[in-house]
Amino acid sequence: MTSRWIKSTLPKGGYYFSGNEAAAEGAIAAGCRFYAGYPITPSNEIMERMSVRMREVGGVFVQMEDELGSIGAMIGAAWAGAKAVTATSGPGFSLMQEGIGSAVFTETPCVIIDVQRAGPSFGQATKVASGDIMQAKWGSHGGDYQVIALSPWSVQEVYDLTIRAVNLSERFRVPAMVMSEEAIGHLRESMFVTEKVEIWDRKKGKGVAPFGTEEEDLVPPMPTFGEGERLLVTSSTHDPYGFRKTDDPEVQAKLVERINEKILRNRKAIIQTEEYFIDDSEIAIVAYGFTARTSLYVLKSLRKEGIKVGLLRLQTLWPFPEEEIEGLGRKVKRVMVPEMNMGQVVGEVKKVCGCEVVKLCQNNGEVIRPERINEVLRRIY
Amino acid sequence: MVRAMEKYIRPGIKVTPFCPGCGSGILMGLILRAIDELKLDMGKMLFVSGAGCAAWIPSPHFNGDTLHTLHGRPVAFATGAKLFNPALCVMVISGDGDLSSIGGNHLIHAARRNIDLKVICSNNMVYGMTGGQVASTTPIGAVTATTQEGNSERPFDLCKLVEAAGATYVARYSVTQPVALINSIKKALLHVGFSFIEAISPCPTQFGRRNRLDRPEDMIQDLIRRCILEEEAEGLTKEELAEKIITGEFLPCQK
Numbered sequence: 013m014t015s016r017w018i019k020s021t022l023p024k025g026g027y028y029f030s031g032n033e034a035a036a037e038g039a040i041a042a043g044c045r046f047y048a049g050y051p052i053t054p055s056n057e058i059m060e061r062m063s064v065r066m067r068e069v070g071g072v073f074v075q076m077e078d079e080l081g082s083i084g085a086m087i088g089a090a091w092a093g094a095k096a097v098t099a100t101s102g103p104g105f106s107l108m109q110e111g112i113g114s115a116v117f118t119e120t121p122c123v124i125i126d127v128q129r130a131g132p133s134f135g136q137a138t139k140v141a142s143g144d145i146m147q148a149k150w151g152s153h154g155g156d157y158q159v160i161a162l163s164p165w166s167v168q169e170v171y172d173l174t175i176r177a178v179n180l181s182e183r184f185r186v187p188a189m190v191m192s193e194e195a196i197g198h199l200r201e202s203m204f205v206t207e208k209v210e211i212w213d214r215k216k217g218k219g220v221a222p223f224g225t226e227e228e229d230l231v232p233p234m235p236t237f238g239e240g241e242r243l244l245v246t247s248s249t250h251d252p253y254g255f256r257k258t259d260d261p262e263v264q265a266k267l268v269e270r271i272n273e274k275i276l277r278n279r280k281a282i283i284q285t286e287e288y289f290i291d292d293s294e295i296a297i298v299a300y301g302f303t304a305r306t307s308l309y310v311l312k313s314l315r316k317e318g319i320k321v322g323l324l325r326l327q328t329l330w331p332f333p334e335e336e337i338e339g340l341g342r343k344v345k346r347v348m349v350p351e352m353n354m355g356q357v358v359g360e361v362k363k364v365c366g367c368e369v370v371k372l373c374q375n376n377g378e379v380i381r382p383e384r385i386n387e388v389l390r391r392i393y
Numbered sequence: 006m007v008r009a010m011e012k013y014i015r016p017g018i019k020v021t022p023f024c025p026g027c028g029s030g031i032l033m034g035l036i037l038r039a040i041d042e043l044k045l046d047m048g049k050m051l052f053v054s055g056a057g058c059a060a061w062i063p064s065p066h067f068n069g070d071t072l073h074t075l076h077g078r079p080v081a082f083a084t085g086a087k088l089f090n091p092a093l094c095v096m097v098i099s100g101d102g103d104l105s106s107i108g109g110n111h112l113i114h115a116a117r118r119n120i121d122l123k124v125i126c127s128n129n130m131v132y133g134m135t136g137g138q139v140a141s142t143t144p145i146g147a148v149t150a151t152t153q154e155g156n157s158e159r160p161f162d163l164c165k166l167v168e169a170a171g172a173t174y175v176a177r178y179s180v181t182q183p184v185a186l187i188n189s190i191k192k193a194l195l196h197v198g199f200s201f202i203e204a205i206s207p208c209p210t211q212f213g214r215r216n217r218l219d220r221p222e223d224m225i226q227d228l229i230r231r232c233i234l235e236e237e238a239e240g241l242t243k244e245e246l247a248e249k250i251i252t253g254e255f256l257p258c259q260k
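So the sequences go chain by chain: A and B.
Heads up: the first sequence begins at 13 in this note's numbering, then just goes up one per residue.
Heads up: the second sequence begins at 6 in this note's numbering, then just goes up one per residue.
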């Protein structure tokens with residue numbers, strides 16, 4: 013299975029976009045031709061742009077009656093052959109969780125752009141947070157599944173990682189999420205569109221078992237409705253051909269194992285992180301999303317004072333970059349994890365990081381100010 | 006099922022999981038006869054269902070594309086598939102609880118959009134698979150697992166609901182009216198627009214036994230007696246009408 017390079021939908025060059033506009037364009041560039049959504053702040057600009065752009069690129073746009081419908085329509089469209097995308101925020105993301113479980117279990121590619129806002133519940137609809145990180149991984153019942161979740165820190169990266177999310181979702185037949193944040197979604201800055209973009213398409217096949225494979229990557233081919241394959245797709249436990257097996261322990265165990273293993277085994281192809289000054293650092297920040305921007309700003313000013321601090325930025329949150337964090341723990345004395353929640357990723361860091369881990373939590377609807385990060389770093393240095 | 010219909014059944018399927026006397030097996034046969042009479046290619050059809058006994062009518066039995074979704078969501082999943090590939094003939098087959106209670110929102114919105122889906126709602130007036138709890142379609146007074154004293158809430162008139170929401174073909178027939186039901190399904194299959202057929206179906210296991218219709222044939226007899234055509238209802242007194250189920254084509258195919 014390989015990728016191919018196609019011409020970008022937008023002409024090559026510089027653009028002045030908001031993160032939400034960039035998300036819509038990234039999805040289209042990656043081949044998304046089906047968008048189903050429901051209005052919710054602060055993600056609305058994505059759907060509004062998609063309502064225009066899907067028409068322009070010959071895709072399908074539908075505003076559904078709720079988020080339960082949005083994710084359902086996406087799964088239906090994906091089996092009809094579409095690369096399908098939706099966008100939402102906290103309350104809508106909660107409503108989509110059962111559908112995410114269905115997409116996971118039926119191995120349906122689809123992408124959810126979650127422009128995170130302050131919660132719980134309605135919370136502060138127009139204010140920033142990154143409180144949905146654990147929900148992205150654990151939100152659908154049963155728990156024993158894997159998804160892919162990416163975290164952009166700039167408008168450019170919203171574009172790039174949305175393309176990547178669509179690609180990874182198609183390649184591994186798994187829901188992929190772009191964990192954007194209000195501050196990135198509404199941030200407007202310049203970004204660049206390249207001449208060509210790398211695209212992955214789902215594996216196809218005729219007369220194959222769509223839910224079982226002996227291939228090394230553990231990803232079975234995915235036929236499409238209407239091709240005469242007479243597909244049997246079910247959200248219940250099923251054998252490799254899709255037959256419902258609701259009381260067979262072996263089928264249940266085997267299917268659950270494979271949908272987990274197909275992601276974990278392919279970790280290296282999925283996980284991306286970025287290091288800043290780690291090699292000579294005594295302490296390090298582990299950050300993601302908007303908070304990583306602030307962290308880099310603080311780091312640069314502290315470096316000028318001779319404070320040896322580094323940054324490990326997580327572009328992939330799920331599957332969790334365990335090896336990278338473990339390696340970091342061997343290099344530095346202390347790690348600090350700032351997050352716009354009461355401590356989610358920090359728990360994952362603690363599980364694998366051998367050194368001392370300090371958290372900096374904030375859920376007040378604001379981005380974390382540099383002074384706070386600065387203060388904690390000085391304290392632990 | 007007669008031999009000639011076996012080609013519509015997925016290879017390897019030998020039995021259905023339905024209880025003795027269940028209407029799902031009858032409805033399954035009637036849908037396949039409608040498809041057979043129209044000579045439709047099942048390889049180009051998509052059958053979408055939700056959760057519950059009726060959702061198992063197409064999945065896994067039908068030898069076309071089948072999508073067994075989540076409780077309440079088949080219409081939403083079907084909407085996505087149909088919008089992306091309009092060439093697919095998409096039929097939703099699910100129960101009354103699935104389509105009109107937990108999935109009621111998708112049902113009325115799909116009707117409003119008048120999207121070309123053929124929705125067949127198998128209405129047994131109870132949650133059968135989960136043990137016979139009261140539904141939004143259970144008649145007043147009926148005893149269920151959650152209304153031991155008799156149901157005190159009014160049921161939906163699903164046909165009125167869906168017609169008001171904008172469907173362009175609406176009918177109700179009982180599985181005890183097989184010819185009329187086959188003809189109605191054929192009309193829905195040929196109609197371009199949102200079609201809704203409420204197929205009244207007996208559930209002797211969970212409904213009948215709690216409501217003095219102890220044997221499967223009692224329920225069938227009861228439906229034969231109670232289901233009357235619209236024209237037969239004319240001239241009946243209010244008391245006579247109270248126990249009847251009016252069937253017929255309430256909204257012929259609209260352009």
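Keep in mind that the hints were calculated from the coordinates and are not lab data.
Keep in mind that this is a model prediction, so the values were computed, not measured.
Don't take every hint at face value.
[To be verified] Dumping the calculated DSBU-like pairs for lysine-lysine here, alpha-carbon to alpha-carbon at most 30 Å:
#1 B:K260 / A:K257
#2 A:K316 / A:K280
#3 A:K363 / A:K345
#4 A:K266 / B:K44
#5 A:K149 / A:K316
#6 B:K243 / B:K49
#7 B:K49 / A:K218
#8 A:K218 / B:K44
#9 B:K12 / A:K216
#10 B:K49 / A:K215
#11 B:K12 / B:K192
#12 A:K257 / B:K192
#13 A:K218 / B:K19
#14 A:K216 / B:K260
#15 B:K12 / A:K257
#16 B:K12 / A:K218
[Said to hold, decoys possible] To spell it out: a stretch of chain B is covered by chain A in this simulated footprint if at least three of its residues, at any positions, have a beta carbon under 8 Å from a beta carbon of chain A; those stretches are:
#17 55-68
#18 248-259
Backbone N, C-alpha and C define an ideal beta-carbon position, used for all residues, glycine too.
Structure-based check of each hint:
Between B:K260 and A:K257 the alpha-carbon distance is near 43 Å, which puts this suggested pair outside the 30 Å criterion. Proposed proximity of A:K316 and A:K280 is contradicted: the alpha carbons are some 34 Å apart, above 30 Å. Using a Cα cut-off of 30 Å, the hinted pair A:K363 and A:K345 holds, with the two alpha carbons roughly 16 Å apart. As the CA atoms of A:K266 and B:K44 are separated by approximately 40 Å, the hinted pair breaks the 30 Å bound.
Straight-line distance between C-alpha atoms of A:K149 and A:K316 comes to about 38 Å, which puts the hinted pair past the 30 Å bound. Among the hinted pairs, B:K243 with B:K49 is inconsistent with the structure: their alpha-carbon atoms are about 47 Å apart, more than 30 Å. Note on B:K49 and A:K218: the hinted pairing holds, with a Cα-Cα distance of about 15 Å set against a maximum of 30 Å. For the given pair, A:K218 sits about 25 Å from B:K44 by alpha-carbon distance, which is consistent with the 30 Å threshold.
Under the criterion of a C-alpha separation no larger than 30 Å, the hint pairing B:K12 with A:K216 is consistent with the structure, at around 26 Å. Using a Cα cut-off of 30 Å, the hinted pair B:K49 and A:K215 holds, with the two alpha carbons roughly 21 Å apart. A C-alpha spacing of about 22 Å is found between B:K12 and B:K192, which places the hinted pair at or below 30 Å, so the restraint holds. With a C-alpha separation of about 35 Å, the suggested pair A:K257 and B:K192 falls outside the 30 Å cut-off, and the hint is violated.
Restraint check for A:K218 and B:K19: satisfied, since their Cα atoms lie roughly 25 Å apart, inside the 30 Å limit. At roughly 39 Å between alpha-carbon atoms, A:K216 and B:K260 are farther apart than 30 Å, so this suggested pair is violated. A hinted pair counts as satisfied when its Cα atoms are at most 30 Å apart, and B:K12 with A:K257 qualifies at roughly 23 Å. With a C-alpha separation of about 20 Å, the suggested pairing of B:K12 with A:K218 holds against the 30 Å cut-off.
Counting residues of the region 55-68 of chain B whose C-beta lies closer than 8 Å to any C-beta of chain A gives 3; at least three are required, and the coverage claim holds. With 0 residues bearing a CB less than 8 Å from a CB of chain A, the region 248-259 of chain B misses the requirement of three and the coverage assertion fails.
Going down the numbered hints, you'll see the structure goes against 1, 2, 4, 5, 6, 12, 14, 18, while the others check out.
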